[in-house]
Amino acid sequence: MDLSQFAQQTINALSLGSIYALVAIGLGVVFSIARMVNFAHGELLTIAGYTLYGLFGRVPWPVAIAGAIAAASAAAVVMERGVFRRVKSADPVALLIVSFALSLMIQAVLLIMMGGTAKSIDYPSWVQASFTLGGVNVAWRDVATCVVTFAVLIALVRFLKQSVVGLALRASAEDRDVARLLGVDPRKVIVAAFAISGALAGLAGIMWFSNSGTVTPSSGFEPLMKGFIAAVLGGLGSLGGAVVAGLGLGILEILLRNVLPDGMLGLSDGLVFVAIIVVLLIRPEGLFGKVGREV
Amino acid sequence: MNAETRGGRHLRTLAGIAILGAVVVLVGLTYGGASATTERVFVLFAINLVAAIGLQTFMGTTGVVSFGHIAFMGIGAYAAALLTTPSVLKKSSIPDAPGFLRDADLSFLPATVLAVLFTCFVGCLVGFAIVRLSGTSATISTYALLVIVGIAIINLPDVTRGNQTFYGIPKETTVGMAILFAVAAIAVARVFQDSRVGLLLRASREDQLSAAGSGVPVRRYRLYAWVLSIAIVAAGGSLYAHYVTAISPASFSLQLTFVVVTMVIIGGRGTSGAFVGALLVTAINEIMRQFNGQISIGSVETEVGSLTPLILGTIVIAIMVRRPGGLLGDREIDDVLAPLGRRLRLRAGKTEQPTAEKG
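Same order as they appear, the protein sequences are chains C and R. When the first sequence is numbered by the working numbering, its final residue is 295 and no position is left out of the sequence of numbers. When the second sequence is numbered by the working numbering, its final residue is 359 and no position is left out of the sequence of numbers.
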């Protein structure tokens with residue numbers, strides 16, 4: 001592999017890793033407030049994808065993108081108010097299973113409404129376009145993915161650190177009961193967490209589907225799984241951990257895809273999963289997780 | 001604990017096994033033998049039951065959600081199928097397989113025993129890693145196992161035919177075999193669950209730190225539960241393979257995982273819970289099959305196959321909202337029936353034998 005190829009693959013890896021990181025952060029925001037892993041998070045990406053499918057070409061693209069993010073965010077809030085809030089058990093396993101069931105239900109509904117064939121999303125042409133920089137071919141979508149992820153991260157950190165809602169969120173994540181005693185309404189905080197998580201999922205969906213350009217009812221599964229893995233590897237609820245693990249996972253995936261000989265390409269996903277088990281064995285609470293917190 | 005109550009406990013275990021076993025035998029002999037359709041439904045129920053009880057043996061006692069057990073169902077299915085498929089057929093379907101597999105012509109039960117032993121060996125190797133983890137980390141790792149095993153099966157085409165269907169497995173799963181496997185699974189799982197190890201594990205499920213602090217070797221006991229549950233699931237895989245006679249890596253997917261996990265979750269945390277869950281899910285699947293192709297939503301014609309997850313999902317959520325511990329919770333069938341029996345005995349005592357003991 002020469003240098004320009006290496007640079008190209010690095011950009012690919014960073015772009016893929018950024019999406020994983022966004023999904024992982026979305027899962028982490030909900031986890032740190034509601035103490036649940038939301039398996040239906042992947043369907044939020046799918047919903048964003050279908051919204052884009054419906055809107056691109058009909059309205060200006062910034063409106064379509066805003067619409068997709070809003071749709072995913074609204075869907076996340078509906079999930080919380082409609083389903084998760086009604087599960088009385090605080091058992092994380094119960095909530096995990098409920099979200100798993102919800103994920104399959106949304107897929108079934110999408111299958112009935114939209115059919116099983118892949119719908120191609122009509123992204124604006126500049127998304128697929130690329131430019132050459134010092135012999136390296138760079139796709140605009142990869143640049144956009146990395147830049148937007150970075151910008152969103154900074155905005156999220158500022159929001160959490162400086163706004164009142166952010167303060168309430170951080171306080172509830174630290175200790176829900178004490179936050180409640182100090183006048184933080186736990187229900188409002190949870191809704192805020194789901195809204196943010198949904199918006200992040202919408203953003204991740206827009207970027208994810210720009211790669212293949214098509215969406216099917218089950219296409220949220222792969223980014224969800226990778227994001228979930230990144231979230232656990234980074235330590236559930238750790239923002240920095242999610243970013244590091246998401247990028248790491250993207251780099252590992254692209255690296256294996258390039259390094260493995262052709263006959264072993266099928267094994268690359270398997271090797272990623274072996275690596276995951278090894279990392280968890282060394283640090284069961286994740287790379288940046290708090291020691292001793294069992295979930 | 002004195003000898004008397006321990007004896008009572010053993011009696012309870014036996015009663016629980018006898019009740020569930022009797023239901024399986026009765027339903028199998030009457031309903032399962034009635035027609036080709038009922039035979040299929042019963043055998044599918046038995047396969048579901050063995051898989052659910054196997055998974056429950058680990059999940060119910062340790063509290064760790066496993067997405068990986070279906071992988072071992074797959075290993076068990078492939079291993080047994082490799083041994084029973086006629087060698088004449090294997091010479092053409094898998095000509096490059098090692099000789100001892102290609103030329104093997106075992107009958108169903110010995111092949112199943114060998115397949116279970118092999119799967120346990122594999123399970124034991126990875127089990128050392130899995131039992132070190134708890135909670136979400138453990139769940140992720142079991143999911144990773146499912147993916148890894150699936151990829152391994154696809155990438156060993158000399159033995160498994162890779163992505164292609166492995167066909168020609170003799171049809172050995174009869175109603176009788178289904179009954180045998182189901183009753184054996186019920187008995188093994190219940191005895192383990194009520195054993196000293198099972199009780200201590202369930203204590204560690206409630207509070208791992210306290211149990212470990214009281215001297216329970218949590219990891220070692222979890223390994224026991226893991227290997228035993230894998231043995232049961234592998235036997236279920238063999239039962240399945242010798243019923244459908246053709247298997248592929250896609251047979252042991254996340255879809256099946258979800259269905260089996262659903263059975264375990266909606267039923268409750270004991271053997272009887274898995275039984276109720278398997279019964280309910282099999283029934284729902286079958287009812288949905290009966291409606292096949294006859295439902296339209298609005299103007300959209302839809303295959304009812306796609307409605308099944310919708311119905312199953314609704315039921316899972318409804319049960320989780322109403323009864324987070326599953327329908328039976330921690331109770332077993334004998335716990336459910338015991339008060340009823342006491343009441344009956346009491347009533348009988350009042351009318352006929354005034355001196356009969358109470359309760």
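Calculated directly from the structure, the hints in this document are not laboratory data. Among the hints, a few may not be true.
[Unchecked claim] So, partial list: chain R residues that the calculated Cβ filter (under 7 Å) puts toward chain C:
1) Ser141
2) Leu180
3) Gly313
4) Ile317
5) Val321
[As the list claims (entries may be wrong)] Beta-carbon label-pair distances, calculated as ranges:
6) R:Ser210 - C:Gly213: 49 to 55 Å
7) C:Arg81 - R:Arg12: 53 to 59 Å
8) R:Ile311 - C:Asp262: 42 to 48 Å
9) C:Leu181 - R:Glu206: 23 to 29 Å
10) R:Ile311 - C:Ala171: 58 to 64 Å
Cβ atoms here follow ideal geometry from the backbone N, Cα and C, with glycine treated the same way.
Going through the hints against the structure:
| no. | hint | result |
| --- | --- | --- |
| 1 | Ser141 | holds (5 Å) |
| 2 | Leu180 | violated (31 Å) |
| 3 | Gly313 | holds (4 Å) |
| 4 | Ile317 | holds (5 Å) |
| 5 | Val321 | holds (5 Å) |
| 6 | R:Ser210 - C:Gly213: 49 to 55 Å | holds (54 Å) |
| 7 | C:Arg81 - R:Arg12: 53 to 59 Å | violated (44 Å) |
| 8 | R:Ile311 - C:Asp262: 42 to 48 Å | holds (44 Å) |
| 9 | C:Leu181 - R:Glu206: 23 to 29 Å | holds (28 Å) |
| 10 | R:Ile311 - C:Ala171: 58 to 64 Å | violated (41 Å) |
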